[in-house]
Each structure stands twice: as C-alpha cells, then as structure tokens.
Amino acid sequence: MLLETKIRASDHSIIPRVCAIDSEKIESKKNVSSDSNDKKLWAELIRKVETLKDTSAFEELFNHFAPRVKAFLMKSGADPQMAEECSQEVMATVWRKAHLFDPSRASASTWIFTIARNKKIDAIRKQNRPEPEQLYPDQDYEPDQESVVELQQETERLTLALGELPEKQRVLVEKAYLGELSHSEIAEITGLPLGTIKSRIRLALEKLRHSMM
Amino acid sequence: MKKHDIKHHLSKELLLAYSAGQLEEGFSLAIATHISMCDQCRAELESLEAMGGAVFENLEPNEIDVDAFAKTLALIDETPEEIKVKSKGSGLPEPLADYVGCDLDDIDWRPIGMGVKQKILVNSEKVSARLLYIPAGTAVPEHSHKGREVTLVLKGAFKDEIDYFGPGDIELADGDTNHTPVASDEEDCICLAVTDAPLKFNKLIHKIAQPFLKI
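Protein chains in written order, with the numbering used here: chain D, 1 to 213; chain V, 1 to 215.
Next up, chain D with everything else stripped away, as it sits in the complex:
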C-alpha cells in the first residue's frame, strides 16, 4: 500500500553491522533475565532490523524464534522438511515486514506467531486468508515508550496466566492455537484472562487512530 518503501530487501548486505556494540549489551542482559526486559529487547531488535537492516540483530531474533516457528509448523501438521523451509520463509517475512510491527499492540512473539499462523494456512491448509486492513500511521508516528513497556509487561503476565489456567482449559487453549480443535470445540474455551491486555491494545489503537487523522 501507500507506505511500502521501495528499498530492496537485499540492502542489508551493503550496510555494515552498525550496532555491534549495542547487540553485545543486549546479549549480556539477555543472559541474566527472562522477565519483560527480554520482550522489550526482542521488540528493539525488530526495530533495528527495520531501521538499520541490522543482520546481527536479525540473527538473534532468528536463533530464538526460528526453532519455535518450526516446532509450531510441525505441530500444525507439516513434515520436517516443509516445516524447515516454511520457517525460513516466515523469518524472511519478519525481515521484510518489520516496518509493520507495532510494539504498543503486540510483543515480538505475538507478531511472529501471526506470521507463522498465516504461513500455516497458506502452505499447509492451502487456503486464502483475508486479513483486516493494515493501519498505516503517519511516517513520523512513534508509539510512546510507556505504552510499549506496558504492553510488553502485560504480555508477560498473560503468558504466566496461561500457565495458571486449570489444566483442562490450558490444554484446550494450546490445542486451539496448534490447530487441533474444530470450530465447535473452540466454543468450549471460556474465560480467557484477556481483559487487561485488551484495554491496553484498545488505548494503543486509539492513539494510533488519532495520529492518522
């Protein structure tokens, strides 16, 4: 659409590793914590991929997410070779669509999950997937840091809350997202703890809409 830049994806090869120092810092921080700092860092790495075409930032994302994308696709019914190829394609999409990632509305895991899910529909189920209209903010729109931090923390809490659901319910939720439930079985899933994250996303959407006026 309108704001798609015409920069060829291959431009990463002509830009040197501008952020080597930053990446090292991230590496050392990452090793000590697995709290919301991490989620925030993944979001920063995607930003670096977008703005700097930074391959070392991309490699960190790749090492964490590609094995999960492959696991997701295999659990969704792909054979190992197809899952391998599709996970590479998913990660290539992460690079190409980094400008569409909005950290005030989604964590890196959430965003990459949606790309993997779409790949599953396309490659495994061989169906078209109509997608909602993308929201394109003004080019200079930046979500404020507070919203970003809050959303990332809320995602962290949601991940914990998933672990605290009653066993039967948690298994149903996992199966639903891994494609093992039919539509009518999905109706059995109730009471997901989404209230807070939903209102955060709602606020972020309002701010974004305001910037689009």
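Please keep in mind that the hints were generated in silico from the structure rather than gathered at the bench. For each residue, glycine too, the CB sits at the ideal point set by N, CA and C. You may find that some hints are simply not true.
Dumping the calculated EDC-like pairs for lysine to aspartate or glutamate here, alpha-carbon to alpha-carbon at most 20 Å [what the hints assert, rightly or not]:
id	chain 1	residue 1	chain 2	residue 2
1	V	K71	D	E89
2	V	K155	D	E133
3	D	K97	D	E156
4	V	K12	V	E187
5	D	K126	V	E171
6	V	K159	V	E125
In silico contact screen, one side only, chain V against chain D (beta carbon under 8 Å); selected entries [what the hints assert, rightly or not]:
id	residue
7	D5
8	L16
9	G21
10	L29
11	I35
12	A43
13	E63
14	I64
15	I76
16	P95
17	D105
18	D106
19	L154
With chain D fixed as given, assemble chain V onto it according to the hints.
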C-alpha cells in the same frame, strides 16, 4: 466507509477460531471486513493473538538446519520487497475490495427474485460468501439455516425478527434461526452473507428455484 456506531459484534468463538487460523476462507472474509470497520473487535482479536503468542513462546524449540540462517538471508536477498497494490473498489474495506475487484456501482449483480440481487465471492464445497443487494423496503425471502450464517451490513440497514442492523453490524444465525430480513425504507441495503450450508427457503417455489440460483 462511513463511521457508524456498531452495535452487533463478532462472537468470541469466531474471533478465537480466526485468530487460531481455523476458519474457512468465506467466514474469514466476513471477520476481516468487520475488523477493518471496528476497533473494538480489532482489540479483541489482537488480545487473542497475544494468547496465541504465549502458546507459541512456550513451545519446545525444534532443532533447525545448521545453514538455516544463511538460507534465510539468501531468501531475503533474492525476493524483492512486496508492493501491495491497492485493490480497486473504493469505498469498500480492503479485504472485501480484494474479492470484489471493482466499485460497488460496477458489480455485475445476478437477480435472484423480488428485486434482490447477489454476487458470489467465495464458493467452496463447505462455505459460500456472497454480496446481497436488497432494494429499500424489500424482504429477503424467509429462510432458515442448516448451518451457520454470518451477515455483515456494508451499506444501508435491515431489520428482522431479532433486531435492527446498520453498517458494520454483524448478525450471527445458526440452524435454529428462521428469519426474514427487510431492508430499511430509506436506502437500498448491501450486505455480505456467508453460510456453511445452503440457505433453506421456506416456500416451495424458492425450494424449486434454489439449485438454479446457487443460494
């Protein structure tokens, strides 16, 4: 599409199935179109996707090929940036415009009786999605459903035994619903109707005509 206070939204079940990638194409089209018009459901969808992200993050990672990263970089190098061409069909939400491919005024409608016209957009074995054009004040013949029906108003409004539905509103019906939607008197009504089984019209003449009309 003009903003209007949307009163009838998507069900949690439909949104969950859509966020998990479990819906048929025709239903997904109605969901994606409604979300393009409704930030409340967009927030709901994105929070369900956050749940999917949590499930995804907790997966046991799978071993990947040693050269996977190099191959991915090569893939990035060889594929040019996608430039999405905006579909024709101004005035329609983007996902729907992709299917219609022209302006509302230029659609090649097929009459299905009593002034009502249709344009089939998706017709798979299990699910069909169509646009319905209902002249102001006209009723869509009374029908019931063997399966699910999702109806999304795009223009104008209709009312039936259940409520009044304006632009952006969604009506969900299942096998038990028997209804006669009537377009409001002010304006012709255009809606997107998705069904997962053929509609059942309740009068004999419509039953006879049904196989020919592809309803």
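Checked hints:
Distance restraint check for V/K71 and D/E89: the Cα-Cα separation of roughly 10 Å lies within the 20 Å cut-off, and the hinted pair is therefore satisfied. A distance of roughly 18 Å separates the Cα atoms of V/K155 and D/E133; the hinted pair therefore holds under the 20 Å criterion. For the hint linking D/K97 to D/E156, the alpha-carbon distance of about 24 Å lies beyond 20 Å, and the restraint is violated. For the proposed pair V/K12 and V/E187, the alpha carbon gap of about 31 Å is over 20 Å, so the pair is violated.
For the hint linking D/K126 to V/E171, the alpha-carbon distance of about 28 Å lies beyond 20 Å, and the restraint is violated. Straight-line distance between C-alpha atoms of V/K159 and V/E125 comes to about 30 Å, which puts the hinted pair past the 20 Å bound. Given the 8 Å rule on beta carbons, the hint for V/D5 is violated: about 15 Å separates it from the nearest Cβ of chain D. Taking 8 Å as the C-beta contact cut-off toward chain D, the hint placing V/L16 at the interface holds, the least distance being around 5 Å.
The criterion of a C-beta within 8 Å of any C-beta in chain D is met by V/G21, whose closest approach is roughly 4 Å, and the hint holds. Look at V/L29: its Cβ gets to within about 4 Å of chain D, closer than 8 Å, so that hint holds up. Interface hint at V/I35: satisfied, since its Cβ lies 4 Å from the closest Cβ of chain D, which is below the 8 Å cut-off. For V/A43, the interface hint holds, since its Cβ comes within 8 Å of a Cβ in chain D; the closest pair sits about 4 Å apart.
Given hint, V/E63 at the interface with chain D, holds; its Cβ is 7 Å from that chain's nearest Cβ, closer than 8 Å. Nearest Cβ of chain D to the Cβ of V/I64: about 5 Å, under the 8 Å cut. The hint holds. Look at V/I76: its Cβ gets to within about 5 Å of chain D, closer than 8 Å, so that hint holds up. The beta carbon of V/P95 is positioned within 8 Å of a beta carbon in chain D (closest approach about 4 Å), and the interface hint is therefore held.
Interface restraint check: V/D105 against chain D, minimum CB-CB distance 21 Å, threshold 8 Å, status violated. A cut of 8 Å between beta carbons decides the hint on V/D106: the least distance to chain D is about 21 Å, and the hint is violated. Because the closest C-beta pair between V/L154 and chain D is about 14 Å apart, greater than 8 Å, the hint is violated.
The earlier numbered hints that this structure contradicts are 3, 4, 5, 6, 7, 17, 18, 19.
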